[in-house]
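Trainee: Here the structure of chain A is known, so what remains is to put chain B in place on it, guided by the hints.
In the order they appear, the protein sequences are chains A and B.
So for the first sequence, my numbering puts the first residue at 1; every next one is plus one.
So for the second sequence, my numbering puts the first residue at 232; every next one is plus one.
One should not assume that every hint holds.
As the list claims (entries may be wrong) - A few chain B positions that, by computed beta-carbon distances, are all more than 10 Å from chain A:
no.: 1; residue: E236
no.: 2; residue: D254
no.: 3; residue: C256
no.: 4; residue: A264
no.: 5; residue: D273
no.: 6; residue: T274
no.: 7; residue: L355
no.: 8; residue: D357
no.: 9; residue: F365
no.: 10; residue: W376
no.: 11; residue: G383
no.: 12; residue: G395
no.: 13; residue: G426
no.: 14; residue: F532
As the list claims (entries may be wrong) - Only pairs whose alpha carbons sit at most 25 Å apart, straight line, appear in this in silico SDA-like list of lysine to any residue:
no.: 15; chain 1: A; residue 1: K165; chain 2: B; residue 2: T472
no.: 16; chain 1: A; residue 1: K119; chain 2: A; residue 2: V222
no.: 17; chain 1: A; residue 1: K76; chain 2: A; residue 2: S41
no.: 18; chain 1: A; residue 1: K165; chain 2: A; residue 2: Q203
no.: 19; chain 1: B; residue 1: K423; chain 2: A; residue 2: R73
no.: 20; chain 1: B; residue 1: K420; chain 2: B; residue 2: W349
no.: 21; chain 1: A; residue 1: K146; chain 2: B; residue 2: T472
no.: 22; chain 1: A; residue 1: K82; chain 2: B; residue 2: I375
no.: 23; chain 1: B; residue 1: K469; chain 2: A; residue 2: K116
no.: 24; chain 1: A; residue 1: K146; chain 2: A; residue 2: G122
no.: 25; chain 1: A; residue 1: K76; chain 2: A; residue 2: Q36
no.: 26; chain 1: B; residue 1: K469; chain 2: A; residue 2: V169
no.: 27; chain 1: A; residue 1: K116; chain 2: B; residue 2: I375
no.: 28; chain 1: A; residue 1: K76; chain 2: B; residue 2: I375
no.: 29; chain 1: A; residue 1: K165; chain 2: B; residue 2: P500
no.: 30; chain 1: B; residue 1: K469; chain 2: A; residue 2: K119
no.: 31; chain 1: A; residue 1: K40; chain 2: A; residue 2: G122
no.: 32; chain 1: A; residue 1: K165; chain 2: B; residue 2: K423
no.: 33; chain 1: A; residue 1: K116; chain 2: A; residue 2: S86
no.: 34; chain 1: A; residue 1: K165; chain 2: A; residue 2: P215
no.: 35; chain 1: A; residue 1: K76; chain 2: A; residue 2: K119
Simulated from the structure, these hints should not be mistaken for lab results.
Beta carbons: idealized from backbone N, C-alpha and C, even for Gly.
Listed below are the residues making up each chain.
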Amino acid sequence: LIIWRAICISEAVVSTQSTGDVCGPSLARILGVNGQSVHKSAAGWSPVYTLDDIAVMSIDFLLSSEEDAVIWRGAKKNGMIKDFLSSVDWGELDYLVIDTPPGTSDEHLAIVSLLKQAKITGTVLVTTPQEVSLGDVRKEINFCRKLRLPVIGLVENMARYECPKCRTVSEIFPATSGGAQALADSEGMPLICSIPVCPQVGQSGDNGVEGLDIPTEYGILVEQVIRFCDG
Amino acid sequence: MIEPENVPDSCPGPSSEGAGQMDGCAGCPNKQACSTGQFRTDTSPAEVLASLQCVRNKIVVLSGKGGVGKSTVTAQIARGLAALDLSVGVVDVDVCGPSLARILGVNGQSVHKSAAGWSPVYTLDDIAVMSIDFLLSSEEDAVIWRGAKKNGMIKDFLSSVDWGELDYLVIDTPPGTSDEHLAIVSLLKQAKITGTVLVTTPQEVSLGDVRKEINFCRKLRLPVIGLVENMARYECPKCRTVSEIFPATSGGAQALADSEGMPLICSIPVCPQVGQSGDNGVEGLDIPTEYGILVEQVIRFCDG
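Looking at chain A on its own, in the form it has when it is part of the complex (with noise of 0.2 Å):
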């Protein structure tokens, strides 16, 4: 028996993409896997390791250069995820993290009817503090709700960025409309947590190594993530 929490993030507006991203597969990248191969067993295709033990799967692992454009349908790209989450010898997780491509369509439509019965434990939402992104996030919200799944909480990104010389901190994407804290009240939902930009952490992301002297908001995200889901 494999137990696992499923945790679906749905994002509005860039950043991360991965298993449930065919044609912008980012996360292979950002956790320092790029470029490697899975094989297959009778068990299953073996993910790939990073070197703190993360299982990944991206079709980055299939693709014969990273160069290549994954130019696939709908119904192609649901296919793929499909082997994903069932083909796939994950072994016993805790956690099993689903990054999403913007928008609410096949690949999104795909995970939830993949996960009816294995069930999805939380969903978290990706926004960036301006009301372009908001707009985005509010149907995203709205899917969540029409397909009835837990939603752990917004994550406001970029909110702001503190000058390396003088300390200002600035607003580099005002939030024109209250940003996600307007949002998450107006929603009935928690604001997790507000993060600023960090070039390190993009820097990071980049180079595929953990980050030194990340924003410690993304701690209060994970603590909030676990509480909700042993909650």
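Mentor: Chain B in isolation, oriented as in the chain A frame:
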């Protein structure tokens, strides 16, 4: 295109509505194939060609990556062209995240359909806009459509809108290389895409996806105007120190442009006023001059 052979005189035509299912199809060796649409000619590209015959240039804005600023760049291209008294239309093909209507200040408006087709919504600076935003009863409605339905909407946007005469039609796309992108390329097969603009941010996780997008453009032989690097740097409003908030760990867009043999059109800084005016749907003051360079380059490419 494969044509059916040995068709009886009573054949209704392989592209007709009841192909393979009419009385006249009885006994025809192609009956089965016709009923599954095997011989149906896709008339969509011809319909789009007819609909866009008064549109001089069609520009598609692409990125492999989400959140790099495609819609903002699309809006700035459109505004820049309109400021030069050129007639401009914009289509937002991102049915899940249609930001362009808001950025151009026309969100929440409605469209109506007449015999000539749907009439687009016009901004204050006379840019004609079509977006699924105008068809939703509420902005919070999620559009949870699969590929085929999205493609149908895109076809309507390109073949059933009464654009009138346009110098430029600028098409904004969602991130990726999937249904929507294949639909646009296919639908514009006869009308022809004049040029594409690829948007990225400086970091490798973005460039990686844009390499795939370049690969997509090459495979489908799309003309590329060049790369735009967005959010390249940020100037502190207090001490004027310029920082790289998304470090270009692998040489940024310039290195990518060089390795792919295409121009880097411009490298645009993060500008909070651009974001703010986008949210408010107004024309920004003090927008980066790099957008002007971008507009000039688009015109130069299309005129050349």
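Trainee: Does the claim that B/L355 lies outside the interface with chain A hold up, using a Cβ gap greater than 10 Å?
Mentor: holds, 19 Å
Trainee: Starting from A/K146, check that the Cα of B/T472 is at most 25 Å away, please.
Mentor: Answer violated: A/K146 to B/T472 is near 47 Å, above 25 Å.
Trainee: Checking a non-interface call: every C-beta of chain A should be farther than 10 Å from the C-beta of B/D273. Is that right?
Mentor: Given a closest Cβ separation of 15 Å, the condition holds.
Trainee: Verify that the Cβ of B/G426 lies farther than 10 Å from every Cβ atom of chain A, and report whether the claim holds or is violated.
Mentor: Given that every Cβ of chain A is farther than 10 Å from that of B/G426, nearest at about 19 Å, it holds.
Trainee: Taking 25 Å as the top limit, are the C-alpha atoms of A/K146 and A/G122 close enough?
Mentor: Between A/K146 and A/G122 the Cα gap is close to 15 Å, so the pair holds against 25 Å.
Trainee: Holds or violated: are the alpha carbons of A/K82 and B/I375 at most 25 Å from each other?
Mentor: holds, 19 Å
Trainee: Just want to verify: B/C256 was marked as not at the interface with chain A; is every Cβ pair farther apart than 10 Å?
Mentor: For B/C256, whose nearest Cβ neighbour in chain A is about 29 Å away, the distance exceeds 10 Å, so it holds.
Trainee: Going straight from one Cα to the other, do B/K469 and A/K116 come out at no more than 25 Å?
Mentor: Violated, at about 52 Å.
Trainee: Under the criterion that the straight-line Cα-Cα distance not exceed 25 Å, is the pair B/K420, B/W349 satisfied?
Mentor: With Cα atoms ~22 Å apart, B/K420 and B/W349 stay inside 25 Å; holds.
Trainee: Compute the least Cβ-Cβ separation between B/G383 and chain A, then decide whether it is above 10 Å.
Mentor: holds, 13 Å
Trainee: Would you check the hint for B/K469 and A/V169, treating anything up to 25 Å between C-alpha atoms as holding?
Mentor: Given pair B/K469, A/V169 holds - Cα atoms ~10 Å apart, limit 25 Å.
Trainee: Classify the label on B/F532 as holds or violated, using whether its beta-carbon is more than 10 Å from each beta-carbon of chain A.
Mentor: holds, 23 Å
Consistency with the previously given hints fails for numbers 10, 21, 23, 30, 31, 32, ordered from lowest to highest.
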